[in-house]
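Colleague: Sequence:
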Amino acid sequence: MSESKLSNTLDGETRRRLTERDGVIKHINDIADQIQAESIMGNYDFQVSTEGDEHTLQKLVMALNFLIDVTRRAVEDEHKQREILAQTQAELRTLVAEQAAAIDVLSTPILEVWESVLALPVVGALDHRRASEIMVQLLDAIVTQKASHVILDLTG
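Numbering (the numbering used here), first residue to last: 932 to 1087.
Derived from the structure by calculation, the hints contain no laboratory data.
We put the beta carbon where it would ideally sit given N, CA and C, even for glycine.
Have a look at the derived ranges for each label pair, beta carbon to beta carbon:
no., residue 1, residue 2, range
1, Gly1055, His1080, 22 to 28 Å
2, Ile1073, Ala1031, 22 to 28 Å
3, Val1001, Val1067, 55 to 61 Å
Work the whole structure out from these sequences, hints included.
Modeller: This is the structure:
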């Protein structure tokens, strides 16, 4: 083979490979653009596609679609878990509030020991908040039960 024919053959082969490589790069860039456009928006409910018929490109598309699907499922699961967590937190807050109300009622029992005589055992620490609550509850009980006397038991 002459040098000029070899040079033409190499040039033709090189050009063909470069053209093929440029086509593959274009397809890969198109795939990357599809992924970027959707995932930036937080959308993982899509599939990439390519017009390239090269087996390697099709394998890449299949693998990427699999990864996108796995990511979508993980995001959906995370959203569900967050919803469950928020609901559980709300239920726990409600329960804590109910328990606090029950503790307040039980910590300041106002007892009618005789007709128009109330007894109020004071147990535990008495801070400003609790003293105010006791006062409000006691005054309300005096009015509703028409008490004339109140016995404060401070021994506990």
